[in-house]
Amino acid sequence: MISILGITIGVAALITVLSVMNGFDHELRKRIVGMTAEVTISGFSGSLSHWKQIARTARRVHGVQGMAPVVTGQAMLAADGNLSGARIEGIEPAREDEVLDLGSKLVAGHLTSLSEHGWNIILGRDLAYALGVTVGNHVVLMVPEGLVTPTGLVPRVRRFRVSGIFDSGDYAFDSGLAFIGLGKAQRLFGLKTHVSALDLHLDHMLAAPQVARTLVNQLHGNEYVSDWISQNRSLFQAIATEKRVMFFILLL
1 MISILGITIG VAALITVLSV MNGFDHELRK RIVGMTAEVT ISGFSGSLSH WKQIARTARR
61 VHGVQGMAPV VTGQAMLAAD GNLSGARIEG IEPAREDEVL DLGSKLVAGH LTSLSEHGWN
121 IILGRDLAYA LGVTVGNHVV LMVPEGLVTP TGLVPRVRRF RVSGIFDSGD YAFDSGLAFI
181 GLGKAQRLFG LKTHVSALDL HLDHMLAAPQ VARTLVNQLH GNEYVSDWIS QNRSLFQAIA
241 TEKRVMFFIL LL
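Residue numbers for the sequence shown follow this note's numbering, beginning at 1 and rising by one.
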C-alpha cells in the first residue's frame, strides 16, 4: 500500500513538473514571437534598397500573412541626467501592427502617434522608468554614426516627445527597446529610402523555418533570411535539456 502511494506521488510530481516546464516553454515562445517577427529578411550590406520588390515576392509565399519594413539601430537616450542605451526600431504603425500587434501592448499613448509630423517616440516600460519619463515628457536621442565635420565626428542628436509606453512582459524588450516613425529613423540613421529589414508575420509560427527556406530559394541571394526559431535555437535547446534532466531526476 505504501509502495503504491509512493509511486502515485512520484508520478504526480513528474506530471506536475513537466506540465510546468511545458507551460513555461509555451509562454516563452509566445512572448518572443509577440515582440519579434517570425521571419526577417535583411541585407548583407546592412540595408535593403529594393525592399518593395522583395515584399511583392514575399507576399506570394504560402503562409505569409503580413509584413512591415523596419529600420533598426543603436542609440543613447538621455533625460534629466539619466542615460540609457536602447535599440531603436523605425516602423510604419499601420503595417507593424500586422506583424507584432504592438498597439495591444501599449499601456499609455497611441501607436498612431508615430505617424504624426512631430518627433515622437514610444518607450518600453522599464526603459521609461530608467529615464524617469512618462508620456508628454521629452528625451534626447543620440546616434553614434554621426556627421563628419572639420572638427571631427558629430553624433546625430534629436529631441523626441514620449508619446507612448509599452509593456511586453519581457524585461529584455521593456528595458532596451524604443519605437519611432520609419521616416524619422531613415533620416537619423542615414538610410535615405532604404530599410534595415522586412519583418514577416505568418499564419502559423511553427512554419517559420519552411517559409524561410522558400524565400531563400526565391530571392536573389543578396538577402539574409532568418526565422525566430533559428534565432533562439540555443535558448530552446537549453530548455529542452532542462526538461530531460528534470525527467530523469524525478524517475530516480
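Check each hint, because a few of them may be wrong.
[Stated by the list, open to error] Ranges of calculated distance between the beta carbons of each label pair, as one might list FRET restraints:
1) Ser45 x Arg156: 19 to 29 Å
2) Pro209 x Met142: 29 to 39 Å
3) Arg158 x Thr193: 32 to 42 Å
4) Lys192 x Glu116: 20 to 30 Å
5) Val140 x His110: 38 to 48 Å
6) Gly190 x Thr112: 20 to 30 Å
7) Glu116 x Val157: 36 to 46 Å
8) Gln74 x Arg95: 36 to 46 Å
9) Arg159 x Arg213: 16 to 26 Å
10) Glu116 x Arg213: 31 to 41 Å
11) Glu145 x Phe44: 14 to 24 Å
12) His117 x Leu206: 36 to 46 Å
[As the list claims (entries may be wrong)] Only pairs whose alpha carbons sit at most 25 Å apart, straight line, appear in this in silico SDA-like list of lysine to any residue:
13) Lys184 x Val135
14) Lys52 x Asp101
15) Lys192 x Glu145
16) Lys52 x Val157
17) Lys52 x Ala78
Keep in mind the hints are simulated off the structure, nothing from the lab. On a predicted model such as this, the values are computed, not experimentally measured, just so you know. Idealized CB from N, CA, C, for every residue including glycine.
Evaluated hints:
no.	hint	verdict
1	Ser45 x Arg156: 19 to 29 Å	holds, 20 Å
2	Pro209 x Met142: 29 to 39 Å	holds, 38 Å
3	Arg158 x Thr193: 32 to 42 Å	violated, 19 Å
4	Lys192 x Glu116: 20 to 30 Å	holds, 22 Å
5	Val140 x His110: 38 to 48 Å	violated, 22 Å
6	Gly190 x Thr112: 20 to 30 Å	holds, 26 Å
7	Glu116 x Val157: 36 to 46 Å	violated, 21 Å
8	Gln74 x Arg95: 36 to 46 Å	violated, 23 Å
9	Arg159 x Arg213: 16 to 26 Å	violated, 44 Å
10	Glu116 x Arg213: 31 to 41 Å	holds, 39 Å
11	Glu145 x Phe44: 14 to 24 Å	holds, 18 Å
12	His117 x Leu206: 36 to 46 Å	holds, 41 Å
13	Lys184 x Val135	holds, 19 Å
14	Lys52 x Asp101	holds, 22 Å
15	Lys192 x Glu145	holds, 14 Å
16	Lys52 x Val157	violated, 29 Å
17	Lys52 x Ala78	violated, 34 Å
The structure fails to meet hints 3, 5, 7, 8, 9, 16, 17 from the earlier list, while all remaining hints are met.
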